[in-house]
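Starting from the two chains in their separate frames, assemble the complex, guided by the hints.
Here the protein sequences line up with chains A and B, keeping their order. Position one of the first sequence corresponds to residue 1 (this note's numbering), numbered consecutively onward. Position one of the second sequence corresponds to residue 1 (this note's numbering), numbered consecutively onward.
Source of the hints: derived by calculation from the structure; they are not laboratory data. Each hint should be verified, as a subset may be incorrect.
What the hints assert, rightly or not - Derived, one-sided and incomplete: chain A residues facing chain B with beta-carbon distance under 7 Å: (1) Thr-207; (2) Arg-225; (3) Gly-226.
Stated by the list, open to error - Footprint (simulated), chain A over chain B, 3 or more residues, beta carbon under 8 Å: (4) 95-106; (5) 119-125.
Unchecked claim - If you anchor each label on the Cβ, the simulated ranges turn out as follows: (6) Val-68/B to Arg-216/A: 24 to 34 Å; (7) Gly-277/B to Arg-216/A: 43 to 53 Å; (8) Gly-28/B to Arg-216/A: 31 to 41 Å; (9) Ala-205/B to Glu-198/A: 37 to 47 Å; (10) Ser-125/A to Pro-293/B: 38 to 48 Å; (11) Asn-124/A to Gln-328/B: 52 to 62 Å; (12) Ala-102/A to Val-68/B: 49 to 59 Å; (13) Asn-203/A to Ala-287/B: 53 to 63 Å.
Yeah, the Cβ is synthetic: ideal placement off N, Cα and C, and Gly gets one too.
Single-letter residue listing:
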Amino acid sequence: MLRFILRRLFVTVPMVLVVVSLTWGLIRLAPGNFYTGEKPIPPAIEQNLRQRYGLDRPWYVQYGRMLGSVAAGDFGISLHYIGQPVNGILASALPVSALLGALSYLLALVVGVAAGVLAALRQNSRLDYASMTAAMVGISLPNFVLGPVLVLVFALSWYWLPPARWNGFGINLILPVVTLSAVYMAYVARLARSGMLEVLRSNYIRTARAKGLPERTVLLRHAVRGGLLPVVSFSGPALAFLITGAVVVERIFALPGLGNYFINANLNRDEPLIIGIVAFTSIAVLVFNLLVDVAYAFVDPRVRY
Amino acid sequence: MAEAPLLSVEDLATWFDEDERVVRAVDGLSFEVRRGETVGIVGESGSGKSVTSLSVMGLVPRPPGRIVAGRVVFDGQDLLQLGDDAMRRIRGRRIAMVFQDPMTALNPFLRISTQMTEVTRLHLGHSRADARAHAIRMLETVGIPDAEGRIDDYPHQFSGGMRQRVMISMALSCRPELLIADEPTTALDVTIQAQILELVSQLKADTGTSVVLITHDLGVVAGMADRILVMYAGRLFESAPTRELFARPANPYTRGLLLSVPNPLQAKGAELYQIPGLPPDLAETTAGCAFAPRCERAEAVCRSTPPPLVRLTAERESRCHFASELFQAP
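If we strip away everything but chain B, and leave its shape as in the complex, we get (with noise of 0.2 Å):
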């Protein structure tokens, strides 16, 4: 614990201009990154996953999107500071990213070669040749077959765990101290997506780059995060190591999405548990806890008073009125 976080998100803000309105996609988030570690960010859609990891990268887009208040700290330096060419020279060569659609984040109609070799130029001041040695290894260490003969090829000529994993080898050719995945598996096929993060959990263990992968299937955190984040509503709603928040969850948000994965062992017929309810309006403010209309353990106060992150060991949080409650009786 002495050693300084390698990220530190604090009571970051980033909220939408939507006509009249404005959506708190993300409203007053903290969390630590640890050098080495995984950390699974989980939540529905519109929880502001995606936001909080487009905030860390400075790609919110602007407008609508603005980050309002918070600081993100990057090896010692608030990155929201930065100016555009610093914070420039740290995505991509610190920070690196991989995105949900392998079959649109890469552009149609460049190489692979081109795609690849512009980044380790840029960062690395590699020459021509050697970074197109480079990409040829990068694109092996991700099991590219035939990565020579292919290094020029377009990416409509990859299928789509192929194109994910030329993602891969180019977000991580310049050997980034934190990798952010943004649901890289989501739009592959189960097969696949073990592959992947197969692929994603060795690459990390060979070269020691902490990891934020996001999702909303927690089937793919728990096999891979050492921490795993629920957000919901733009806000943290439990933090806790991965095995504790399977066995034990502290907030009834968490127990409602672990009721909801699928269980074979479960009798054939029994209905599967849903929440009830749709996620919040964001442009709109409770008085009370954002769950609150879908919670099963909701009472007056959660209504009224918005509830509190509660600190209950020195690595759990929940955001729970009842948070202690629930952490003790199971």
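Chain A on its own, in the form it takes in the complex (with noise of 0.2 Å):
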């Protein structure tokens, strides 16, 4: 096992400096820079810039003092947000995205967990249907369409929930984890479902009701662990796919985080906000992937690594 997590660190080294490389070769073939704008800029000042933010040397050195930001794990200074380190903005930026994708999660976890369990035990049921129609629905409506849905309706119409703004953990809260966590929610009833519909159909269940156990004892002991293995595998892409989410969900919102983040350093062409946010959520990915691996092995005694 130890092995194994060493192995799986090792080889997220690689991974992120491609990542990171990608991530840089797009920024540098996109044409403009970080202070172009609407008024062309005296060729002199332009000059001085250059000079300033190494931008003069040949390429390579620039890729390279690049890698070795990343490296240390200091992503230097905003173009930007004059004078603020990346590292600074990336720790204000990360509790914002951290407190939304946990709440998200654990709402999808609850809810979905929930309704697709209540599901599989009513089979063809109209709670069933309901849940199903309700899955169906969450994954197909995209967040960009839900979020604006949901503040016209929650915010504007009724004055129940404010529309935006970040402002600590509160009610604020509310619609923008709503509206990231519709997806997985969806997600996570659906293959509840699937996998508690397979398992109360197999051997070992049949096995445990002719035991004379009780049907609570047969599904919480027998039942919950073998049906919820598809939603602990899915929790890794899930949380990965949250970081992507929660881009769209914090623009909309208007909250301060990673994603948010993002959005304007790319407009803004700030180069290593932008490698600094990509470096740290790939490495968060990766890290997020290793660990529910680690859970896996736990929760089902046949794997070994």
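Dropping the structure here:
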């Protein structure tokens, strides 16, 4: 197990290298620069800026410098938020995104598992059809549609909830969390339902019933573990999607999280900030996937690394 | 004969709804199991053997299955009339079951100790420690080496034969009066099969449990059963004491079955007999005998009139228009 974890951690290094390099290349391929605006800049000033930020050096020197900053874990100074270190921006934005993501996934797990398990237990009942229809809608409806609709209904028509803005942990988070978690809720519900249905038909559940165990024990002790295994394996990719989903949702609700900064950084051509966010999130995705794989081994005793 | 049978199945009919059709998996089956007796139920796949055992256990999946008629009288009580809770107290405690595939019949996520102790804690009110000690004793009885060291292992750490031993020890841990073994050796190697069968008959001798042994393998029941029931298309076709059945089958289907067993004394290269055709579609009702299309003995009456179950002796019955004739002139 330890060897497995070390090996997987080791593999993250080349993967992050590839991700960061591609990102850097794409930034450089796009025309324009962080100082290009509508008004042309006098050549002397442009010359100074290029010198100041090392853009006059050959591309491989700049590439090497970027890699060095990633390796050191210090992404330098933002080009747009003048004088602010990228690491400081990451540190301020991370709690926002983390809270949003964690709450969204928690909500998705609770609602999704409950709906999925109940639907499986009452297969082909009205409850089953209702929750699976809701799940279908949840999967089909993109969050950039769902978010504004929720705002329109709950904030702008009924005045129940604030439409946007970050205010720490509180009522402001309800709409963004629901918006972000809708898709996961739907996926988790479907996975839980199909997983439970398969397990409930399995031979070992028949054995458990043949032993005369009460249905509650059959369900909670014998069925849930195997039935929810698909939900556990979904958690890895889900956490990755949470990050991409957060980009949209943070934008809609004006939350100062990584996703919102990521969009701004791209619009501003703020290279160090882009690289910082990309490097950070790719490491986070890889680590989360590793954690899920480790958790898998704890749920299913047959899995050994 | 004076003693009331432990289990008496009377006119049982278990049907399955399948889209627009109704599959009559078991249709009008009656048999008895006496205390301490081993009864073998033999038949091809789809003849209703397993559905019979699930019906007795009250484990027929509903829907699509439903028991439409009959009684399952166990020790004077009709199990089909019992409520869920009362039935649950009988399952696992007074009637236990061993299933075909030991690879999938144990829960892969739970330790053997958990799966074994939960039965006795539930039915016998064992404490955690008592249940554990009891489980270890049971595992030793069925011949698991180092039972104490292995009880906390998971099922995948055991071989197929060992898993079936675990299943058997689990089934017997509450000393049930009736053990239903549904193809207990089908998924195992031949050498392991013999060991498991030996184990079942030895445990049966020790505990006096009645056994219903369901199999498609005549060799398995030959050595173990006191009586054999031959099922075809959800009905009883013949029932007889084992020795008599093998010596003098009184039903064309049983004869076909016996002929299809390879005989090592037969000349090399001689073609093995097989019953022509396939078992009938149980969703379609036939006017005559279900076996008639495959039967060598069939005459016009077989295709028009369902054959009665003819009582030949106190111990023997055969469902055939020519049962008496076959019985008298082998």
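These are the hints, each one checked on the structure:
1. Thr-207: 5 Å, holds
2. Arg-225: Since chain B brings a Cβ to about 4 Å from Arg-225/A, closer than 7 Å, the hint holds.
3. Gly-226: 6 Å, holds
4. 95-106: Three-residue rule met by the segment 95-106 of chain B, so holds; n is 7.
5. 119-125: Our answer is that it holds, as 3 residues pass the Cβ test (under 8 Å) against chain A, meeting three.
6. Val-68/B to Arg-216/A: 24 to 34 Å: Hint holds: Cβ distance 29 Å, inside 24 to 34 Å.
7. Gly-277/B to Arg-216/A: 43 to 53 Å: 48 Å, holds
8. Gly-28/B to Arg-216/A: 31 to 41 Å: Taking Cβ atoms as reference, Gly-28/B and Arg-216/A lie about 36 Å apart, which means the hint holds.
9. Ala-205/B to Glu-198/A: 37 to 47 Å: The hinted range 37 to 47 Å holds for Ala-205/B and Glu-198/A, with Cβ atoms some 40 Å apart.
10. Ser-125/A to Pro-293/B: 38 to 48 Å: The hint (38 to 48 Å, Cβ to Cβ) holds, given that Ser-125/A and Pro-293/B are roughly 42 Å apart.
11. Asn-124/A to Gln-328/B: 52 to 62 Å: 55 Å, holds
12. Ala-102/A to Val-68/B: 49 to 59 Å: 54 Å, holds
13. Asn-203/A to Ala-287/B: 53 to 63 Å: 38 Å, violated
The earlier numbered hint that this structure contradicts is number 13, and it is the only one.
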